[in-house]
Amino acid sequence: MIDIKNISFSYPTNNYIKEKHILADINLDVKNGEFVSMLGRSGCGKTTLANILAGYLVAQTGSILINNVEVKKPGKNRIVVNQENDLFPWMTVWENMKLVKSNEQEINKYLKLVGLEDCKQYFPNHLSGGMKKRLSLVRALVVNPDFLILDEPFDSLDYHMRETLHLELDRIFSSTKKTTLLVTHNIDEAIFLSDRIIVLGGMPTSIVTQFNIDFPHPRKSNIRTTKKFIQYRNAIKHSYV
Amino acid sequence: MKKILLIILLIAVYQTFNSLLPNDYLPSVSQIFESFLKNLSGTEIYMHVFASLIRILIGFSIASVIGIVLGLILAYDQRLRDLKLYIELLRPIPPIAWIPIAIIIFGLGNPSSYFIVFLGAFFPIFTNTYFGAVSIPYIYKNVVSSFQISQFSFFFKILLFFCLPYIFTGLKTGIGMAWMSVIAAELISTQSGLGYFIQLNRLLLQTDNIIVGMILIGVIGNLLQKLIEFAEKKIIVWN
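Top line first, the protein sequences correspond to chains D and P.
Residue numbering for the first sequence follows our numbering, beginning at 1 and increasing consecutively.
Residue numbering for the second sequence follows our numbering, beginning at 1 and increasing consecutively.
Treat the hints loosely; a few may be bogus.
[As the list claims (entries may be wrong)] Okay, derived cross-link-like pairs now, DSSO-like style, lysine-lysine, Cα gap no bigger than 27 Å in a straight line:
#1 D/98 <-> P/234
#2 D/132 <-> P/141
#3 P/141 <-> D/20
#4 D/132 <-> P/172
#5 D/112 <-> D/5
#6 D/101 <-> P/3
#7 D/98 <-> P/233
#8 D/98 <-> P/157
#9 D/132 <-> P/233
#10 D/120 <-> P/234
#11 P/234 <-> D/72
#12 D/98 <-> P/141
#13 D/132 <-> P/157
#14 D/73 <-> P/157
#15 D/177 <-> D/220
#16 D/76 <-> P/141
#17 D/73 <-> D/101
#18 D/76 <-> D/132
#19 D/76 <-> P/157
[Unchecked claim] For each label pair, taking beta carbons as the anchor points, the in silico distance ranges come out as:
#20 P/150 <-> D/105: 19 to 29 Å
#21 D/6 <-> P/73: 53 to 63 Å
#22 P/79 <-> D/14: 19 to 29 Å
#23 P/83 <-> D/125: 31 to 41 Å
#24 D/216 <-> P/73: 31 to 41 Å
Just so you know, the hints here were simulated from the structure itself, not pulled from any lab data.
Cβ coordinates follow ideal geometry from the N, Cα and C atoms, glycine included.
Assemble the whole structure, with the sequences as input and the hints as a guide.
So, in C-alpha cells, the structure goes:
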C-alpha cells in the first residue's frame with residue numbers, strides 16, 4: 001500500500017528565479033495491485049510528484065509510506081520508467097538486464113514476456129522505440145519492485161505503437177498485478193489502463209477529482225469505442241482546471 | 001581519386017610559388033622527389049622516424065592513462081574538483097614553453113621529450129574526459145540510484161563507457177598535439193627523431209631534406225590520427 005500524505009513542494013529559489021510553489025497538500029492512497037493514473041496538463045507538476053515518489057526529490061512537507069516504510073531516497077522497491085530513453089546504449093539488451101538482476105532465469109522469463117528473447121545481443125540503438133520501452137519496462141519489473149512508476153513512458157511513440165504497448169502493458173499488469181502509478185496527460189491512455197484516475201490541476205497543483213474506471217482486466221482495444229469509455233472521457237475533460 | 005587530384009594541385013601550387021621566387025630558396029618538386037627516394041632507400045630516416053614514434057608512444061601512453069583516470073576521478077568525486085584549478089592554470093602554457101624547464105629538470109635527451117609529449121597530449125585528454133564525465137545525464141544517475149547499482153559498477157560500467165566518445169575526442173586532439181610537441185622537443189633537446197633531422201638539415205642547408213622531413217611529419221601525424229579513429233570505431237560499436 002502506498003500512502004501519500006500532505007505532500008507540498010516548491011522549487012528552490014535564487015536571485016533570478018522567484019519561488020515556484022508546484023504541489024500543495026497532495027493526499028493519496030494506492031492499494032496493492034491497483035493501477036492508478038495521474039492526469040494533468042503539461043507542466044502541472046506530475047513529473048515532480050513522480051520524482052518525489054521515486055525519491056529523487058524531497059518534498060518540503062508531508063511523507064510517503066510504501067508498505068509502512070517511509071520513502072527517503074531512491075530504492076529498488078519502486079522503479080521509474082521514464083519518457084526519456086534511460087537504457088545504457090553501450091550495453092546489449094542482456095547486459096542492461098544483467099546490470100540490475102543477476103538471476104538469468106528471471107531475465108529470460110521477463111524478456112520472453114515482452115518478446116525480446118531473440119534480441120539479447122542487440123544494442124538499444126538497434127531496437128525500435130517500442131522495443132526500447134518494453135525493455136525499460138521489463139528492466140523495472142525484473143527487480144520485482146513493490147511499486148512501478150510510469151512517467152509518460154509512451155509519449156515519444158507514434159499512435160499505433162502506443163496502442164500496441166497499451167495492450168501489452170495491460171496484459172503484463174493483469175498477470176503481475178504490480179501496483180502501478182502512471183503519469184500522463186493522455187486521457188484515453190489513462191482510461192484504458194487504469195483502475196482509478198486522479199486529476200491534478202490548479203496552481204499550485206492539487207488533486208481536483210478522482211474517477212474509478214470500471215472495466216475488467218485484461219482489456220480489449222474495442223473498449224475505446226464503448227459508450228462508457230466516451231462518458232469517462234467527457235467527464236474527465238470537464239473536470240480539468 | 002579526389003585525394004590524388006588534391007595532391008597534384010598542391011604540387012602544382014608549390015611549383016608555381018617556387019618559380020616566382022628570385023633565387024633557388026626552395027628545392028624543385030623533382031629535387032624533393034629525388035631526395036625522398038634517396039632517404040627512403042637509406043636507413044637513417046627510418047631511425048629518426050622510429051625514435052620519434054617511440055617518444056610519442058611513451059609520452060602519449062602516460063598522458064592517456066593519467067588524463068583519463070584523473071578526468072574520471074575529478075568528475076566522479078566532487079570533493080576533488082577544486083584540484084582542477086591547478087590543471088586550468090597550467091593548461092594555457094604551450095608545451096614548447098616548457099622545453100627550457102624540461103631540459104633543466106630532465107637534461108637533454110629522451111626524458112625531457114617524453115615530458116613535452118606528455119604535456120601536449122595530457123590537457124586535451126584530461127579536459128575532454130572530465131567534461132564528458134560531468135555531463136553524464138541525470139537520468140542515468142537516477143537509474144543507478146533506483147536500482148542501487150554499486151559505485152564500482154557505476155564507475156567502470158557506466159561512467160567510463162558514457163565517457164568513451166569524449167575520451168576518443170581527447171585522444172584524437174591529444175595525438176595531434178603530442179606529435180607537434182615531439183617534433184618541437186626534438187628540434188632542441190635530442191640527437192635523433194624527425195625534429196632533429198630537420199634541424200640538422202637546416203644547419204647543412206639541405207632544404208630538400210627539410211621538406212622530406214616535413215612531408216613525413218604530415219603523413220605520420222595523419223596516420224596516427226587514423227589509428228585512433230580506427231580504434232574508436234572498433235571500441236565504440238554501439239553507435
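Going through the hints against the structure:
{"no.": "1", "hint": "D/98 <-> P/234", "verdict": "23 Å, holds"}
{"no.": "2", "hint": "D/132 <-> P/141", "verdict": "19 Å, holds"}
{"no.": "3", "hint": "P/141 <-> D/20", "verdict": "25 Å, holds"}
{"no.": "4", "hint": "D/132 <-> P/172", "verdict": "32 Å, violated"}
{"no.": "5", "hint": "D/112 <-> D/5", "verdict": "38 Å, violated"}
{"no.": "6", "hint": "D/101 <-> P/3", "verdict": "52 Å, violated"}
{"no.": "7", "hint": "D/98 <-> P/233", "verdict": "25 Å, holds"}
{"no.": "8", "hint": "D/98 <-> P/157", "verdict": "12 Å, holds"}
{"no.": "9", "hint": "D/132 <-> P/233", "verdict": "24 Å, holds"}
{"no.": "10", "hint": "D/120 <-> P/234", "verdict": "21 Å, holds"}
{"no.": "11", "hint": "P/234 <-> D/72", "verdict": "43 Å, violated"}
{"no.": "12", "hint": "D/98 <-> P/141", "verdict": "17 Å, holds"}
{"no.": "13", "hint": "D/132 <-> P/157", "verdict": "20 Å, holds"}
{"no.": "14", "hint": "D/73 <-> P/157", "verdict": "23 Å, holds"}
{"no.": "15", "hint": "D/177 <-> D/220", "verdict": "17 Å, holds"}
{"no.": "16", "hint": "D/76 <-> P/141", "verdict": "14 Å, holds"}
{"no.": "17", "hint": "D/73 <-> D/101", "verdict": "20 Å, holds"}
{"no.": "18", "hint": "D/76 <-> D/132", "verdict": "21 Å, holds"}
{"no.": "19", "hint": "D/76 <-> P/157", "verdict": "19 Å, holds"}
{"no.": "20", "hint": "P/150 <-> D/105: 19 to 29 Å", "verdict": "22 Å, holds"}
{"no.": "21", "hint": "D/6 <-> P/73: 53 to 63 Å", "verdict": "42 Å, violated"}
{"no.": "22", "hint": "P/79 <-> D/14: 19 to 29 Å", "verdict": "23 Å, holds"}
{"no.": "23", "hint": "P/83 <-> D/125: 31 to 41 Å", "verdict": "36 Å, holds"}
{"no.": "24", "hint": "D/216 <-> P/73: 31 to 41 Å", "verdict": "56 Å, violated"}
Checked against the numbered hints given earlier, the structure breaks hints 4, 5, 6, 11, 21, 24 and satisfies all the rest.
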